[in-house]
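K.L.:
So the chains spell out like this:
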Amino acid sequence: MSQEISLSILSGKGGTGKTTLAVNLALALDNVQLLDADVEEPNDYLFISPKIEEKEMESVMSLIPEVNDEKCTACRKCVDFCEYNALAMMLDKVLVFEEVCHSCGGCKIVCPENAITEKEKELGKLYHDRLDELDFWQGELNTGEEKAVPVIEKLKTKIDSDKKVIIDSPPGTTCPTIEAIIDTDFTVVVTEPSTFGLHDLKMVVEMLNNLDQDFAVVINRAESDADYLIEDFCQKKGISVLLKIPFSRKIAELYSNGKPFVYKLEGWEEKFKTLYKDIIEEAVNNERNNSN
Amino acid sequence: MKLIIPAVKAENFETKIHKNFGRANYFAVINCENNEIEFIKNTSANKNSGAGVAAAQLCADQGADAAAAYHFGPKAYEALKAADIKLLDLNEQKLITEAFNDYQAGKLAESEAGPGGHH
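Here the protein sequences come in this chain order: A and B. Numbered according to our numbering, the first sequence spans residues 1 to 292. Numbered according to our numbering, the second sequence spans residues 1 to 119.
Everything labelled a hint here was simulated from the structure, so no lab data went into it. From a predicted model like this one, the values you see are computed outputs, not experimental measurements. Built from N, CA and C at the ideal position, the CB exists for glycine as well. Do not take every clue at face value.
[What the hints assert, rightly or not] Label-pair distances were calculated between CB atoms; the ranges are:
hint: 1; chain 1: A; residue 1: K77; chain 2: B; residue 2: D65; range: 22 to 32 Å
hint: 2; chain 1: A; residue 1: C75; chain 2: B; residue 2: D89; range: 51 to 61 Å
hint: 3; chain 1: B; residue 1: E112; chain 2: A; residue 2: D162; range: 32 to 42 Å
hint: 4; chain 1: A; residue 1: E113; chain 2: B; residue 2: D84; range: 17 to 27 Å
hint: 5; chain 1: A; residue 1: C75; chain 2: B; residue 2: C32; range: 28 to 38 Å
hint: 6; chain 1: A; residue 1: E120; chain 2: B; residue 2: A105; range: 23 to 33 Å
hint: 7; chain 1: B; residue 1: D89; chain 2: A; residue 2: E287; range: 36 to 46 Å
hint: 8; chain 1: B; residue 1: E112; chain 2: A; residue 2: L46; range: 43 to 53 Å
hint: 9; chain 1: A; residue 1: E118; chain 2: B; residue 2: D65; range: 34 to 44 Å
hint: 10; chain 1: A; residue 1: L265; chain 2: B; residue 2: K19; range: 27 to 37 Å
hint: 11; chain 1: A; residue 1: S256; chain 2: B; residue 2: E11; range: 21 to 31 Å
hint: 12; chain 1: B; residue 1: D89; chain 2: A; residue 2: T73; range: 35 to 45 Å
hint: 13; chain 1: B; residue 1: E11; chain 2: A; residue 2: G106; range: 34 to 44 Å
hint: 14; chain 1: A; residue 1: S256; chain 2: B; residue 2: A105; range: 52 to 62 Å
[What the hints assert, rightly or not] Quick partial rundown of chain A residues pointing at chain B, CB under 8 Å, derived from the structure:
hint: 15; residue: A86
hint: 16; residue: M89
hint: 17; residue: M90
hint: 18; residue: L91
hint: 19; residue: V96
hint: 20; residue: F97
All chains, full assembly: derive it from the sequences and hints.
P.N.:
See the structure below:
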């Protein structure tokens with residue numbers, strides 16, 4: 001079987017249309033895998049598998065240091081070592097701030113008294129559901145936790161490269177975003193024709209250029225008298241605009257009822273299939289240009 | 001007694017108070033016995049992670065008895081409490097001298113753990 005490509009969907013800010021594009025595109029294709037990597041606020045499941053919490057679940061664990069106060073001599077080597085300030089020495093006792101710990105294990109190594117051991121802590125969860133043509137995975141960061149990257153790393157171990165892979169990425173330009181897109185073949189950036197949309201698009205484009213990541217743009221909530229905001233910028237930068245999803249009350253109503261519009265509005269299944277073909281073409285062209 | 005107040009610059013009693021504790025540029029360390037003030041640089045102000053913890057560590061290492069700020073993040077709050085440092089709330093005060101006067105007059109209320117943190 002030939003290898004399919006992997007795709008990440010990204011936007012500069014939340015509420016732009018990542019979910020709309022990821023879900024509707026995934027449902028228009030066959031042999032597809034959708035991974036919701038927006039782990040701080042995953043919501044693809046609302047359209048794909050509303051009862052995802054009752055489906056398959058596995059924990060994402062991380063290792064957190066535990067200090068034996070009997071053995072600790074308050075030498076402070078662990079506190080000085082910790083680059084993330086997850087440890088503090090207060091009244092000769094080591095305090096552990098679990099949420100900022102990056103589980104590097106360094107404190108355990110530098111402790112001359114062997115006073116530090118590690119314990120497992122649940123950081124987040126992965127959920128899984130399988131529809132006819134769609135294999136769906138969702139990463140979710142537990143409430144109160146701060147580190148999304150390990151959850152996304154674990155989610156990525158579920159990638160099936162025999163399928164068309166679509167990763168719904170966290171919005172913005174942060175570490176979790178980069179973790180979600182970095183290994184995909186191509187990125188689709190969703191934006192909207194507003195000053196905010198353009199501003200956040202520029203940030204994302206700068207990041208993608210720094211990462212040497214191939215990408216194209218889809219305009220959501222497109223309006224003929226405003227699209228020039230995005231189109232002028234993209235033209236100047238040589239970025240392809242592959243699709244416009246119109247600003248439509250009907251689409252908004254369907255969305256608010258948890259209904260993917262690809263099934264409800266005529267012609268859209270075809271449009272998303274065409275979008276996918278265009279994406280492959282872009283990806284192949286970019287590949288060719290890069291190798292020249 | 002030693003009082004610590006976050007500051008925007010390393011100057012004197014007329015310096016402005018920094019709006020944040022963990023991310024303050026400097027800390028004013030005031031010796032309440034002789035009214036002497038010195039400033040230490042908050043070396044962790046721009047850390048991606050755990051700035052509040054590191055700032056609290058700095059205050060504990062100075063041997064502070066109390067810290068006064070507009071806002072303490074949750075981790076700084078927990079760390080300062082563990083060091084037995086008294087946390088005091090500032091409101092209207094703008095300059096270090098105003099905060100210090102109110103502290104000496106016993107006008108500063110004890111602080112509650114506030115919201116905080118970021119991605």
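K.L.:
So, for every hint listed, does it hold in this structure?
P.N.:
Status of the hints after comparison with the structure:
For K77/A and D65/B, the hinted distance range of 22 to 32 Å is satisfied, since their beta carbons lie about 27 Å from each other. Checked against the hint of 51 to 61 Å, the pair C75/A and D89/B fails, with Cβ atoms roughly 35 Å apart. The supplied range of 32 to 42 Å is broken by E112/B and D162/A, whose beta-carbon atoms lie about 55 Å from each other. About 24 Å separates the C-beta atoms of E113/A and D84/B, a value consistent with the hinted range of 17 to 27 Å.
Against the hinted window of 28 to 38 Å, the Cβ-Cβ separation of C75/A and C32/B comes to about 31 Å, which satisfies the hint. Taking the beta carbon of each, E120/A and A105/B are about 51 Å apart, not inside 23 to 33 Å as hinted. For D89/B and E287/A, the Cβ-Cβ distance of about 59 Å falls outside the hinted range of 36 to 46 Å, so the restraint is violated. The hinted range of 43 to 53 Å is not satisfied by E112/B and L46/A, whose Cβ atoms lie roughly 36 Å apart.
Between E118/A and D65/B the CB atoms are about 35 Å apart, so this pair conforms to the stated range of 34 to 44 Å. Distance hint for L265/A and K19/B: a CB-CB separation of about 49 Å, inconsistent with the stated range 27 to 37 Å. At roughly 55 Å, the beta-carbon separation of S256/A and E11/B lies outside the given 21 to 31 Å, and the hint is violated. Checked against the hint of 35 to 45 Å, the C-beta distance between D89/B and T73/A comes to roughly 36 Å, which is consistent with it.
Between E11/B and G106/A the C-beta distance comes to about 38 Å, which sits within the given range of 34 to 44 Å. Range check, S256/A to A105/B: Cβ separation about 56 Å, and the 52 to 62 Å hint holds. A hinted interface residue such as A86/A counts as satisfied when its beta carbon comes closer than 8 Å to some beta carbon of chain B; here the least separation is about 6 Å, so the hint holds. Annotation: M89/A was flagged as interfacial toward chain B, and the flag holds, the nearest CB pair being 7 Å apart, inside 8 Å.
With 8 Å as the threshold, the beta carbon of M90/A comes within range of chain B, its nearest partner Cβ sitting at about 4 Å, so the hint holds. The restraint placing L91/A at the interface with chain B holds, with a minimum CB-CB distance near 6 Å, inside the 8 Å limit. Using the Cβ-Cβ criterion of 8 Å, the hint placing V96/A at the interface with chain B is not satisfied: the shortest such distance is roughly 10 Å. The beta carbon of F97/A comes within 5 Å of a beta carbon in chain B, closer than 8 Å, and the hint placing it at the interface holds.
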